[in-house]
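K.L.:
The chain contents come next:
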Amino acid sequence: MKIITYLAFTFLSILIQFCVMDFIQEKIQSDETAKLDVTTQKQILSDLLKNISSKPHALYYRTNDVMSRSLKNTSPSKIYSNSSMSDVTLGTTEGTTTILDVLYDESTSDTEATTETTTELYTTTTEFDNLTEITFFETKNKSSITPSTTPKIKFSLHCDCNLLYKVCDINCCCDQDCSDYEHKLFLCHETSKAETENKAADGCISHMLDEHRYGGSMLDNLFCVVKTNLPSKRSIRKYDDVPMGTYYKWRNDEQKQKSYEFKKTLYKQADPIWLLKNGIIYYLDFPAPMVNNYCTDRIPIAFLKEEKITCNVKFKDLEMFNILKTSEEAMVISATNNTFNSTILNCTNLHCINWTILACENGLCWNYNKTYNEASCTEDVCVNIALKIDYSFYYYDMKIVNATIKFHLQNTSHVLPLLMQEISVHFYLANKSIDHVIELSGNPGYVNGLPVIASYAKSNHTVNFFNNTSGAWRRMLFPENRNGLCVSTNTSNNMVKFGVNKRTKCRYIYSHTKLSKKNMCRNIQNEIIGLLRLNNNISISPFGNPHNIADDNWINLIVDINEQEPIYGEYNENTLKLYCYNLINRLSVTFMFANVNEKSYTGQNKILSVKYEVTAKNISFNVEDISIVITVDVNFVDLSKPSIVEYAGNPHINIYLPRDFFFPFPHNGCLNLSNTFIVSIYCFVILLLCK
Amino acid sequence: MTKVTNVNSSLAYEILLYLNSFYLGMFFVCEVAMGILKAINVSYPENALWTEAGIFSALCLVEVVRIFLGRRGNLASKKVPVFFSVMLTIPSAIGVCYFLIYQTYILRLEYIWCAVMLMFHALELAFAILFIVTVCKHQQYE
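Heads up: the protein sequence lines correspond to chains A and B, in order.
Following my numbering, the numbering of the first sequence begins with 1 at its first residue and continues without gaps.
Following my numbering, the numbering of the second sequence begins with 1001 at its first residue and continues without gaps.
Just so you know, the hints here were simulated from the structure itself, not pulled from any lab data.
The beta carbon of each residue, even a glycine, is placed where N, CA and C say it ideally should be.
Honestly, I wouldn't trust all of these hints.
Claimed, not checked - Facing chain A, according to a computed beta carbon distance under 8 Å, are these residues of chain B, among others: (1) Pro1045; (2) Leu1049; (3) Trp1050; (4) Tyr1098; (5) Tyr1102; (6) Gln1103; (7) Leu1107; (8) Leu1109; (9) Lys1137; (10) His1138.
What the hints assert, rightly or not - Distance ranges between label pairs, derived from CB positions: (11) B:Val1032 / A:Asp180: 40 to 48 Å; (12) B:Ile1094 / A:His652: 31 to 39 Å; (13) B:Gly1054 / A:Ile686: 38 to 46 Å; (14) A:His547 / B:Cys1097: 53 to 61 Å; (15) B:Gly1054 / A:Gly603: 36 to 44 Å; (16) B:Gly1054 / A:Val291: 46 to 54 Å; (17) A:Tyr282 / B:Val1032: 41 to 49 Å; (18) A:His652 / B:Val1032: 26 to 34 Å; (19) B:Gly1054 / A:His547: 56 to 64 Å; (20) A:Ser640 / B:Ile1094: 57 to 65 Å.
As the list claims (entries may be wrong) - Example chain A residues on the side facing chain B (calculated, C-beta under 10 Å, incomplete): (21) Val225; (22) Asn556; (23) Cys683; (24) Ile686.
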């Protein structure tokens, strides 16, 4: 009882201590707030804080209340919210040696691989659609579509989020293709302000950022790491001094329910997309999972917010049916300058556009025709079912100029209780289709998950890249696996993406079996070479932005087929077997890249070299069914310095002691003798004394 | 010649030492808890965690001896144990300063409780010196 009382007293005294300190702190804060009204004082304070941040005093109590208010919107400096920046779950090249070993496993038998499927590492969102015959943008007078832009804000040239050539990238504040109005849409000024103040702030920034979201308290503040004393690092690469300014807390996923109201103003970021149906204005939404993988919730499509949602749904509840109904009844509207003063809202004072619905299959798209493309079911199979839906909104001249929905049609089984549907939403600040916009794969270094830039021209690679109308000729394409068979078209989805290791396997079927058997092996070989594009001259751009890269700096890939073992064949008429020797059936492309500091930019992914290798095999065919499995391996090997941080070891002092430090008696000379004599006398005296 | 001493025990010094003994318990428990928290969440350079654990153990040991000697000397009005207690205040304060300034990751909470500990040290040092002076002054010889 006594001890408990004393303990309680001790804790009470500590509590009082904390309260007093908190009071003092608050007092200091209020004083500082008053001072911050003056610009010069603010500057002085920020300088002061910078100094304290670099050399913190142990007993200094940080007061960041002022900064916390403006820091809540701080976002990372690199924002890749554009559609071209697909999320990559895989792609790390750590431990590539192991991967290579696995990939080069030759145990795969050709005969076993009857139902080979492509090794897909991720689902792509970028399509190469053949849209040459479709014009879904309204033809307008040039004068009407000229945006009312004001002079652009000048930013530094280095802009790694600027990935669309001559088109404004969403949320890319340094993109010089964006007008002032578009920069305002991205809230660039707020972000840059927050970033500036972020530099001046110290202590637990992350806590302050999340204060409003998590309802931070003084207790959270106490668990902040305010200072680190890590030893110097050996690593050349720069790392953040984590966990400076971090604190640990359970995640709070509580979401606030928002109510939306059409405010008759121009679209702002995160506003819902508005629809007009029979004089009623409502927002566009799409299904989303709430607590599990089922589409039980619906969320509004927010302006300039890219979305990609996958959820399970029953057949009758598929979103495509809902979209078809909505697209017939409702139009996409944008408020104009006249809208605000109008009392009756209709298409005379609103900008209304109809939906453009495209049906796509195997990369080819066409206008959705209700007669031909309508979903229908037989006993087992349902045809023309869109499990993948892409929304594309084109915003230009302060209004949505085009709203396109792509249905990726496929056949599904009717008996499946649930189907998985994928819905993507993309926004583009352009008045032309994204299929005709040149997309860079980084600026300047490659970004993981974006296509590797290739050129099939003999020279002027950079010029061709920016002039070529077809995107297929800017990418490195390989045959695609469609139902187990190799298909190689310009709309192929199987492109090489930076940092993504991928193996593609598909079956090639030789169709000219009736022709002479004499040159059959050679003909098969030629067709495989064509399929793998080995007969093309391919050059690879070392950077994701090939601007100002001379032809000599492009990496040329040449496979000299003539250097391979010569192909020859043998036909046995009795067994009807065709034997082909040294038939190329495997291609391996290994990209060596590194994180380099080049062109005055730091930490840019650069392809240093590419190894193009083919493997031949002796294969026997039955002449009635000549088919072979073709394998394409793409690997990326990171040659950068290891990312492991090595801390400096303990100090090592090299002290060279004299040889006779522990035995200070020289071996030779008179001294040696005399010393031995002295020691002997000592020993004798000690012995005498002992006795 | 026998030494006769008056009752010179300092009440304030005793209270401080008494409170400090409890505070040390709390400091020990909280610091260990913080150490576990940090060890789980952040990566330490080689041997740094063990070094800090060793310094902390030594600090606690020194503190226990210091408080024990201080209280014993104060209650028995003996200056020698108090003198040693004062001497032990130096390594103890250095140890606390290490956790306040030089440990690998410093939490805001550690700033607070290390400062409180230093405050205890400072007050105890002052009262201990006063006590020693008082004892020396009032020493009588027969």
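K.L.:
Now look at each hint and say whether the structure bears it out.
P.N.:
Status of each hint after checking the structure:
no. : hint                             : result
1   : Pro1045                          : 4 Å, holds
2   : Leu1049                          : 12 Å, violated
3   : Trp1050                          : 12 Å, violated
4   : Tyr1098                          : 10 Å, violated
5   : Tyr1102                          : 6 Å, holds
6   : Gln1103                          : 7 Å, holds
7   : Leu1107                          : 6 Å, holds
8   : Leu1109                          : 4 Å, holds
9   : Lys1137                          : 32 Å, violated
10  : His1138                          : 30 Å, violated
11  : B:Val1032 / A:Asp180: 40 to 48 Å : 57 Å, violated
12  : B:Ile1094 / A:His652: 31 to 39 Å : 25 Å, violated
13  : B:Gly1054 / A:Ile686: 38 to 46 Å : 42 Å, holds
14  : A:His547 / B:Cys1097: 53 to 61 Å : 56 Å, holds
15  : B:Gly1054 / A:Gly603: 36 to 44 Å : 39 Å, holds
16  : B:Gly1054 / A:Val291: 46 to 54 Å : 48 Å, holds
17  : A:Tyr282 / B:Val1032: 41 to 49 Å : 59 Å, violated
18  : A:His652 / B:Val1032: 26 to 34 Å : 32 Å, holds
19  : B:Gly1054 / A:His547: 56 to 64 Å : 57 Å, holds
20  : A:Ser640 / B:Ile1094: 57 to 65 Å : 43 Å, violated
21  : Val225                           : 5 Å, holds
22  : Asn556                           : 44 Å, violated
23  : Cys683                           : 42 Å, violated
24  : Ile686                           : 38 Å, violated
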